[in-house]
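Asks: Spelled out, the chains give:
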Amino acid sequence: MRYHYRYAIVAALAGATLVAACESATVPDLNAPSTTELAGPLTQASVQRLVSGLVDNVRRNAGLGYFYFGEAFARDAYRFDPSESRYIYEAYTSAPSRTSFFGASQYNGFYGTIRAGTTIIKKLKDTPTTTISAPEQAAIRGFVRTFQALEYYHVEEYHDTLGTPIQLADSSKLGPIYCPKSALAAISSLLDSANIDLAAAVAAGVTTFPFELPSGFVVNGNFTDVTTFRKTFNRGLKGKVEVYRGIGRNNDGVASSFDVAIAALDTAIGPTPTTMAQLNVGPYFQYSTAPGEFPNPIADQNLRINQRVGDSVQAGDLRASKIVKGDLSSYTARGFKYQTQYYPAVSLTTRPANFVNPIGILRVEELVLLRAQAKIGKGDLVGALQDINTVRTISGGLAPLPPFVATGTLTATQVAIKALLYEKRYSLLLEGPQRLVDLRAYKMLNAANLPKEVVPNPITGAGDRFNSAFFIPQSESDVRGGNVAPVCP
Amino acid sequence: MKKYRVLALALLAGALFSSDAYAQQRRITGRVTVAGTGEVLASAAVNIVGTAIGTYTSDDGTFQLLVPSGDLTLLARRVGFKRATVRVGAEQAEVNVSLERDVLQLETQVVTGTATTVSTQNVANAVTVISTNELNRAPASTIDNALQGKIAGAVITQNSGAPGGGVQVQLRGVTSLNASSSPLYVVDGVVVNNAAIANGLNAITGAAGGNAPSSQDQMVNRVADLNPNDIETIEVLKGASAGAIYGSRGSNGVIVITTKRGRSGKPAVSVTQRFGTFELANKLGLRCFSQAEAVALFGITPAEFTGCHDFEQELYGRRDLSYESIASISGGSATTQYFVSGLVKRDAGIEQNTGYGKQSVRINVGQQLGTRLNLQANAEILHTLTERGISGNDNGGYAPYTVFSQTPTFYDLRPRGGSYPHNPYTQALGGADNNPLQQAALTRTPEDLFRQIGSVTARLSLFTSDRQTLDLTSTGGVDHYGLGSKLYSPPELYYEPADGYPGTIVDNNTSATNANLNATLAHKFSMGSLLGATTSLGFRRNREQLQSIYNTGRNIPSGQTAVSYGVIQASGETQRQVKDLSYFAQEELLMLNETLLLTAAVNSERSSVNGDPQKFYSYPKASASYRLPILPPFTDGVKLRIAYGKAGNKPPFESPYSNLVVTFIDNRIGERPSRNLGNPNIKPETSTELEGGVDAQFWGGRAAIEYTRFRKQVDDLIIFPRLAGSTGYGLGTENGGQLVNLGTEIGLKLQPIHTDLVDWISNTTYSDVHGEITRLDVPSYLYGIGFGAGYGDVRIRKGHSPTEVVANFNGGEFAVGDAQPDYTMGFSNDVNVGPFRFASLLDWRKGGKVVNLTNAYYDAFFADGSGLLADTAASISRSNDFQGPRAVYVEEGGFLKIREIAVSVGIPERFMGVVGSRAKDVRLELSGRNLKTWTKYTGLDPEVSNFSNQNVGRIIDVTPFPPSRSYFVSVSAHF
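Residue numbers (this note's numbering), protein chains in the order written: chain A, 1 to 489; chain B, 1 to 975.
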């Protein structure tokens, strides 16, 4: 009896041990879909999800930092955050940090989109044309590459002479870090390859993209239409890139780029716009406050417009409505005091519409002014005047400017650039770092052209610093062993 | 795997079928008493040395045993007393033993396996045992607070002064960079959950942006829930050499908690009532202005000047009544013992609407069924209510100390006529209009938790002879809690409308369950004083589940507290599930008249969080201790010990997986590959520890010293290296490094005075540990703890400490010190003079860097570099030096704290008799905690971590909740 009892115990223990060992040991990924979902060829449904994910990432990357930091460097905007002085300090007083949310930003997210795009393009190669036809695949490739180019350009805008890593062959490998000239050339060629794909798709009868796009693509113009997308967005962006290739940095402009830019922009703009609606044509980021969605990032109670921007708007300029005059707010960032009475109208949180207000990715209004820049670059001040006045009269509601002539110490070209910069500042206020890019390109981001914000500290010299670009972030620099000097192949 | 099972069965069979001849037997009886007083001792263990024969004394201290004929040695012992051995002659039938109190705790039993224990006299590891008296010397909010300063080798640091916990226990240095930083907590055999659940504060403060809960939510790690008063002992296994049996959860050390049990006898009732208060212990010191300065600097009219307000005192100056009521009853018969306890406590916070409350009930019941089966069922049900207010990092000016950095003290924030003044200063600065006094009055931050911890242990004696026993011990237990927090920031708060959505509610519901089952078969074999062998085999299954759901509502109608009224809503859920299985075997050999102990064990474990969930990883250990047979004069005993072992630390949940990020755009689902890479081959990191030491006792137990040196090497270090952003990747997951910690621990226990009138016991601990990353398979990287190297970050690089703090200044990056302290010391003293008792604990930490971002908020408000801190010279100096020549915000975080002081007096029983009470051992006590801090640190408290518990990133001070000290008056009595 006693021994049977013991056997039973031993058997039970052995049984429990065996049962324990047989229970499934695996726990699946509970909180997110695994990348194994991407195994196998693409389907219409997975293309839809991946394209939506890509477009959403482009939208999220163009966050508060994207719209604000460039405008801060260009001295158009402030962000007064009582808990974070670096919104001001890193823009106006110190060099941007390689490690902070400010100076190390405008980088990683863009490459996340580029990688997401490369994933789609790679997967397309494994996808039979019976599932997604070859022309549809071309349309998808063209769409994806255009956005990859946009994201590279966003990196370039913020990193300028400090370098933009580009690796078109395989974006997951460490690529060379390019100087502006080489970076813009690479982006331009990426846009061309997208253009070829998009044109081929249309030629083969694909008129609309084989996926649905968010409403931002149809608010002003129909950018679900492959041709519109190709002409206005792809060629428009091509024109933008070529303008800055033409102007160059440090006298390395490629003169022929102005012609390329004008040709691309002519395609993009089409007939000269005559209404504000036509100037507003372009793809937009659209926003929502629904759960899981992304609200407009510049609907932000802390944003301010530089006092000078508000004060120097010309009488009668309709664009003055973008700036609201309110109580004087003054902010102290590490001993330096900044103050202004102006608020961006799009930032007021008291206006619920601001949370869902779409922001143009690249509007015709900007394209027209870019064409003016190309014409100035070519010395065609008459043509430039025409484009400048198109925007000035329609968007600004102002009288057209007379022909540019030398005034005082300024050459006619300098007068034209000044006029152009006025229109760009007010037409594109808080729509991106365009003014930063222009001031840099025209070598005007300096004390000779911009009044001082604060009196520098007499001992340390700190304050009123003109920053023009972000460093390659420390994390990237660490991986590269500190070798982050850009090359110009 | 299979081979282990076969081996186990073979050993089991061998044990069962060997049989001993029954020797001729006789009966002896006896009594165990306390030396000196003659008081009888119930529940003392009585054993015949060299045999497995033993029993426990009954209520009247008596025992009887059937023993073999011939001369014997009888050993009697009980917790809290020194063991005694007595020779028993062949004809002797009655034996009386008296035991001396073990005031220095030189002899306790420590857990060395799952079901086996060994005396501290033999144990080969430096195991710290904390008794209930040491633990509860002065009331503490949480158990981890109560352990501060008491364990050599532990750095125990509070994350802020907010009530209700949030404390990190780090044993023997940093042992991981990216896997768990928490030791394993085991309560009566049940692995309890020590997760830290964010309450969603981020939705209000925007510390991390967006809606999602964040590590900046001032989290409480949930071991805080346990009731310290129920604890009989806490054993601290500091590393792999002691904790190997816990496998891939033992690398950070194991804290084994045993709760009180009943002892047979009349019902013993114990009651303690405490009343006290918490008060603000330290202030930053805000600047006062003269009227003329105020007019000049702030452009106010002279009439607007209202003097100098101490905002810190106004907001954190409450001294509301706190109380703690503790009662327990225990007793039982020879076969049934029970312990029932209750606790009701309320720690009133120093800020309005903050505080910590706990109610707990425990029932521990032991039942002997026949001679073979013993059952022990323990259950605790508890409720805690934690209200921590708003503090810490924020974006937009929500934390009070952020507001104080911009609001001059001549402005009166106090309510007038029931309404709070607006704050024009933060508003003008671009921030929200925030009056912290209004915030404290209107905001609610309750975190309600109901928790049940229960276990049943069955001990079945399968076989007993005078040379052998075979026991099966099985423990099954569950720890479950439901945590519901509801943060309510009503629309009436002045700052609420600023983001366009007046009113914010965050609802969090978290349900967490840990369940584990283990079974151990223990075989003891005794060959007299020559050899005692204990073999144990067993398995353990563990399952962890956690589900956390957050709902956020913004733009709330006035008066509504339901999240569903939010015009803007968001929700999120995280889930976690872990399944582990392990098998273990251990052999302990106690030889040569109990002077030599050899132990070898192996634990083999698989876990669902590993890349290969089916693969078993093995964690062996081996140790030896030897008590010298020949001793120098005045020496009672010298033990040499050496222990080696491996233990693991599992990869973080879901680290094998690379994810797709799911997003929503215009009512469509979007997916993109995450920038962070999982690793399908990830395996646990393994720490291999070698420790050695000497323990010695002198002068008849009046002095004892323990010296330990250890080397802990962590291989396959789990790291999340920073990948090149330009490749589209963010963080990797790798077993990519090696870390070595070298350290020393010294414990010195003294009883300098021991007379009938005066008894003084002194306990000093010292420990140091120095870590170095000895291998790193990826390029050196910044750990990235949040605010950039401009202020201070930690750089992970080969050949350097894993907690090396670096800062950027003068255009470069410089190493500026280590976050780990150089060494820590604890000084505890208990002096009894007649009925009076005086106890104190000092906690000293030398060195260790803290990044004081709070100062950065205050400095350079004015062009001269000064700000709103009273110490303007320091602000000016920091402001001028910020870009060089030094890292101005990285500060020395060393301190000396008076952790505990307790003064008590015993009321003589005579006196109680006079007043008609039968109460015994009535004591009146005055106690205090965290009474005084000496530190060079200029912030509120060098014990701070904005990101809660972190392996290496707990160095950031951002506008935290200030520290408090507490005083309590207690009366305790036994009936």
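The hints are simulated quantities; they were obtained by calculation from the structure and are not laboratory data. There's no promise every hint is true.
Straight line, CA to CA, 25 Å or less: simulated SDA-like cross-link-like pairs of lysine to any residue [what the hints assert, rightly or not]:
1. A/123 to B/658
2. A/173 to B/658
3. A/322 to A/276
4. A/418 to A/289
5. A/173 to B/730
6. B/579 to A/29
7. A/125 to B/283
8. A/125 to B/658
9. A/418 to A/471
10. A/322 to A/274
11. B/283 to B/80
12. B/486 to A/29
13. A/337 to B/863
14. A/337 to B/877
15. A/173 to A/260
Model, not experiment: these values are computed from the prediction.
Asks: Each hint should be assessed against the structure and marked as holding or not.
Replies: Going through the hints against the structure:
1. Restraint check: the Cα-Cα separation between residue 123 of chain A and residue 658 of chain B comes to about 17 Å, which is no more than 25 Å; the hinted pair holds.
2. Proposed proximity of residue 173 of chain A and residue 658 of chain B is supported: the alpha carbons are some 18 Å apart, at most 25 Å.
3. Under the criterion of a C-alpha separation no larger than 25 Å, the hint pairing residue 322 of chain A with residue 276 of chain A is consistent with the structure, at around 15 Å.
4. The hinted pair formed by residue 418 of chain A and residue 289 of chain A fails the criterion: a straight-line CA distance of about 39 Å is larger than 25 Å.
5. Proposed proximity of residue 173 of chain A and residue 730 of chain B is supported: the alpha carbons are some 13 Å apart, at most 25 Å.
6. Simply put, residue 579 of chain B and residue 29 of chain A have alpha-carbon atoms about 13 Å apart, close enough for the 25 Å limit, and the pair holds.
7. This hinted pair does not check out: residue 125 of chain A and residue 283 of chain B have alpha carbons roughly 65 Å apart, beyond 25 Å.
8. Proposed proximity of residue 125 of chain A and residue 658 of chain B is supported: the alpha carbons are some 22 Å apart, at most 25 Å.
9. Only pairs whose Cα atoms come within 25 Å are accepted, and residue 418 of chain A paired with residue 471 of chain A is rejected, the gap being roughly 29 Å.
10. Between residue 322 of chain A and residue 274 of chain A the CA atoms are separated by roughly 21 Å; this keeps the pair inside 25 Å, and the hint holds.
11. For the proposed pair residue 283 of chain B and residue 80 of chain B, the alpha carbon gap of about 42 Å is over 25 Å, so the pair is violated.
12. Distance hint between residue 486 of chain B and residue 29 of chain A is unfulfilled; the C-alpha atoms sit about 28 Å from each other, more than 25 Å.
13. Between the alpha carbons of residue 337 of chain A and residue 863 of chain B the distance comes to roughly 8 Å, so the proposed pair stays at or under 25 Å and holds.
14. The suggested pairing of residue 337 of chain A with residue 877 of chain B holds, with an alpha-carbon distance near 19 Å, which does not exceed 25 Å.
15. Only pairs whose Cα atoms come within 25 Å are accepted, and residue 173 of chain A paired with residue 260 of chain A is rejected, the gap being roughly 31 Å.
In this structure, the hints that do not hold are numbers 4, 7, 9, 11, 12 and 15, in rising order.
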